[in-house]
Each structure stands twice: as C-alpha cells, then as structure tokens.
Amino acid sequence: MAIDAATVRKVAHLARIKTPDDRLEPLAGELNGILAWIDQLSEVDVEGVEPMTSNVAQVLRLRDDVVTDGGKVADVLANAPRSADGFFVVPKVVE
Amino acid sequence: MTDLTQLTLKAAVDGLKAKAFSSEEITRAFLTNIEAANPVLNAYVEVTADKAIDMARASDARLQAGQGGVLEGAPLGIKDLFCTEGVQTAAGSNMLRGFVPPYESTVTANLWRDGAVMLGKLNMDEFAMGSSNETSAFGPVVNPWKSNSSNAELTPGGSSGGSASAVAADLCLAATASDTGGSIRQPAAFTGTVGIKPTYGRASRYGMVAFASSLDQAGPIARTVEDAALLLTSMCSFDPKDSTSLDIPTPDWSASVGRSVKGLRIGVPSEYVVDGMPDAIQKLWADGMDWLKDAGCEIVPISLPHTKYALPTYYIVAPAEASSNLARYDGMRFGHRAEGTASLTDLYESSRAEGFGNEVKRRLIIGAYVLSAGFYDAYYVRALKVRRRIAEDFDRVWDQVDAILTPSTPSAAFALGDKQIDPLQMYLNDIFTVTANLAGLPGISVPAGVDANGLPLGLQVIGKALDEATVFQVAGALEKAAGAVGRPERWW
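Protein chains in written order, with my numbering: chain A, 1 to 95; chain B, 1001 to 1492.
Hints are computed from structural coordinates only; laboratory data are not their basis. Heads up, the beta-carbon is just placed ideally off N, CA and C, and yes, glycines get one too. Be careful, since some hints might not be right.
[Unchecked claim] Straight-line C-alpha distance at most 30 Å; calculated DSSO-like pairs for lysine-lysine:
hint	chain 1	residue 1	chain 2	residue 2
1	B	Lys1385	B	Lys1241
2	B	Lys1010	B	Lys1464
3	B	Lys1019	B	Lys1051
4	B	Lys1283	B	Lys1480
5	B	Lys1010	B	Lys1293
6	A	Lys72	B	Lys1464
7	B	Lys1019	A	Lys10
8	B	Lys1283	B	Lys1293
9	B	Lys1480	B	Lys1017
10	B	Lys1262	B	Lys1480
11	B	Lys1051	A	Lys72
12	B	Lys1051	A	Lys10
13	B	Lys1480	B	Lys1293
14	A	Lys18	B	Lys1293
15	B	Lys1464	B	Lys1283
[As the list claims (entries may be wrong)] Simulated restraints on C-beta separations:
hint	chain 1	residue 1	chain 2	residue 2	range
16	A	Asp4	B	Lys1293	28 to 38 Å
17	B	Asp1346	A	Ala2	44 to 54 Å
18	B	Pro1305	A	Val67	31 to 41 Å
19	B	Ser1260	A	Ala2	50 to 60 Å
20	A	Pro51	B	Pro1251	48 to 58 Å
21	B	Thr1008	A	Glu47	48 to 58 Å
22	B	Pro1251	A	Lys72	29 to 39 Å
23	A	Gly29	B	Ala1327	22 to 32 Å
24	B	Gly1483	A	Ala2	47 to 57 Å
25	B	Pro1301	A	Pro51	23 to 33 Å
26	B	Ser1343	A	Val76	17 to 27 Å
27	B	Thr1345	A	Glu43	33 to 43 Å
28	B	Glu1354	A	Asp4	24 to 34 Å
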C-alpha cells in the first residue's frame, strides 16, 4: 500500500497541515520508507490479543461532577493570539 | 573556596543545610557558568536569573531559620516541556514561542515545595520528538564532551538534550527531563550522566506539554544515582489532576542506593544483541555483567522475543497519540496564528504549517495516516496488539529475574548533523530504551565507561513496574563498580 503524492495531500489535509506541492513527492518517499519498515509488524501473530490501550493497571478514576475550579477568564485568554471583552477573537468564519 | 558547581546534588543540599555556603552563592556560581557556556552549548533557552536569585534568597531565609525542604536552596534546570507559571514554556517549538502558562506543572510544583531553585528552562527537541536535539526551534544543543580523535561538535542526544548537556557541563546541579521512547536515558548515556524514567503513572503528567500520553513520563537527569533518586522522589506524587496518576505512596529511593545486590537475579536478554553493535558496547555490557556477578548477583540469560517489534510499534503509537494531542494547536486559543488566510480551513492549515517544524509535521502526517479510515485496523490496532505482546514478554520473565541489564544506546554520541538526513537512522537510537515505555516499566541509564574515543557510554537497568527501589539498588552497584567515567574538559 504505497503512498503517492495524492495520498500525502489528503492525509496532510486531514492533519490540517498545509503542504506545498513540491513537498508532496519527498514526503511520500519518506513515509513509504517508514511504513515499509513498520510493515514488519505483520509478521507478529496477534490472533486473540486484546489491544493494549493503557499500561496502568487501574480502573479509570472518576470524580464527582462538580465545579472544582473556574472563574479564570483572564488566565484562559492570557495566551490568545487575539481577545476582546472576555472572548477569543477569531477571523470571520461565516462565508 | 571549592567550586560549588562541581558538587553533587546530595553534597550541595547537605552543605546548604550545614550553612557551609548559601543558596545565593551556589545559584550565582551556576549563573556565571551558564553565562560563559550557554552561547556555545545552547542548553538553556531561557535563563531566569532574577527569579533564581529571589528563590535562592527565600531559601536562605528558610535555611537560616533551620527550616526548609529536602531540596532547599538547590539550583535546578527545568526542561522546557514543563509548564512553569509566568515563565515561557515553548517545548522547543515556534508554535508555542511566547506561551506563558498561568499554571505550574505538578512535577515542578513538587520541586518548589521541597525548596528547589529554578535557574531557567532547558532546550529540547520540538515537542520532545527527536534523538539529537536538532529539531528544536531554538537550535541544537551541543554536547560538552568531545571525541579525542576529532574536534566535531557532538549531539547530547534528545529530546532532553538541554537537560543532559546542562548537567554534564555544570550548568545546574540536576535537571528535570521527560522520556517517551528514551528521551531521558539516551541523552544521559551520551553525556556521562544518570537518567531514570520511572514507572508510568508515578510522576504526574499535569502541566507537561503532551506528546504521546500513554508513553510520556517525567524523570530526572543527574550526576549520580543517589542524586537521581533524591530528585525523582521529590518529582513523583499522586495527582488527582492526572487520570493516569497512581494513587500510591512515593518511597524515599535514596535509601535504596548503596544497598547490597547480593542474591539478585539479573536478566540479560539475547534479543538486545543487535547487528553492527560496536565492540565498545558489547564490552561494556560484558563488564556490567561481571561487575554485578562480583557483587553477588546471578546473571540469567532471558528472552524477550518481541523486542525487534518495539520500535515499529512505537512509531505507530507515538505519532497516533501525537496527532491527537497536537490537534489542540489550531491557532485559535493559544500558540501561533497565521495572518492573511482565506478561510477557516486555510487558517488552521497555515497556522500549523508555519508553527510546526519538519519532524513534527512528518509524525503528525504519519499519525493521521495510521488512524485514517482503511488503515486504522491494519496499522494502529495491530500496533496496540503487538504492544501487549511486548509487555507480556516482560511479565513472563519477572518470575526468573529481579531486573534486566542492557546497554542504554547502540553507540556513543554522534556528530551534529550526522543522521539528520535519514529519519529511520535517527529512530534506531531508541532501540534499547523504547520497550520500557511501551510496557510502562522503570528504566535507568548509568554511565559505565568510555569508548575508544573517550566518549561516555551507559548501561541500562529495567525493573518491574513500581520496583524503582531495585532499579536504584542495581544502578548504585554498577556506578560503584564502574568508577567515575570522568568529566568533559572545558573547551567552551
């Protein structure tokens, strides 16, 4: 399942990373190299094996659904590229 | 007066308690070293001199009053992956350049609680993705060690390259670091320092800039095994703010260093003999076995049959988690935002294209690919199944052995620029360290010798989950038997 430039374009879009046309071929080459190497995983017998999603042998802790923190508007906005009146300011997104 | 910057963390803490010198004195001594070395080594991305002096004076006041925590007055360097309130935390990325967290990571909060002094923030590979510190937006870090056959500048390893270089070059007593696939142990091995990654869940990940959440774990880089134990004890804690944090007590691990290893069974995995492994590494490993045998350990040959699949598994799991974690950098709420974009999608795509470096982009695209429809089961789910196989390999050997001995890295430090062209060559650096991350186990790198060019090499001890005590015990025995590997000559 070799990756071509069109696939790179599609995946880069899924990852929301603008990728200039002249980078598509080189990236495809790099990714194919890495994926060919990764393909050795197909040698492993994983029949009946449960996927390992965590290496912590404990049940996920839940806490009461109550507010424990908050009222930090200034902190939340402190690193915003732009903000005004207690809100994030984003470029106009309605077409 | 002796050079205070040469002290171990333990000796410094003891000297401060005994009022042999003040925190302000030792802090100023480190700031002087940093001023001289940093233009060349590039270990610090930000030196917080004023804050350091303020913290040192506050420590001195506590020490004068006969109070203070276990690290009171000790100047440390902090990897720029840990959020520090009011101090830029950029994780080596242009995406976060200028980001000033309004909160403190739990790990650093623990250090300040115990009286430590912050000297500044340490350079690192961008978002901790790299094994040579060359992916940092703040430029590469230079290893204070040089080969005795060449004048080339060497990498200190990555991603905690700044931490390792700073500790080796006397720019702090010890440093925080983080390890996703070997990012504490590999740079420790390259710089003749000690680095430990604890059991996953020991150290809180709250306030650590996330790379791959199921693998990331904080730990220290220090000059001695005892120093590493001292610092790790302070860094670890149960933290309700991290859902993967383990609600268990943190032992005082410095008590384990120096304990006899007589009767311990040490596993030596046959799969860690890799093609093209330099003779120096083979010899180092054999020396390590001899030293432990002499100290009364039994060396037990073991097999971890899925070892060869660890790196390819890692290079699916880590990018997949990174592609999810780094989705938060969209230019809206924090981080870099591109100007003059045509649409919302264009804004996201341009902000991320401008903010991230090439290695990060490469991994995010791989991550998106292995998680995408059609490949999710073939790549991602398969990798998670192989990950379990790798963890089961370890589970099986703990009946036979108490700890495992391996080399830390497949080579000594290499020249900057050497492997940058080929990502696969770079990935292979983590071949001995990555299994411990996949299985969540503690692993330490101890300086154990030098190669023919006089460059330091490390041995790794891997332990059972939550059994850092044995890891420190064995590491202490190796350190004692190996003797000092020496210190880098000051050429900067």
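Index of numbered hints that the structure contradicts, given in increasing order: 6, 7, 12, 14, 16, 17, 18, 20
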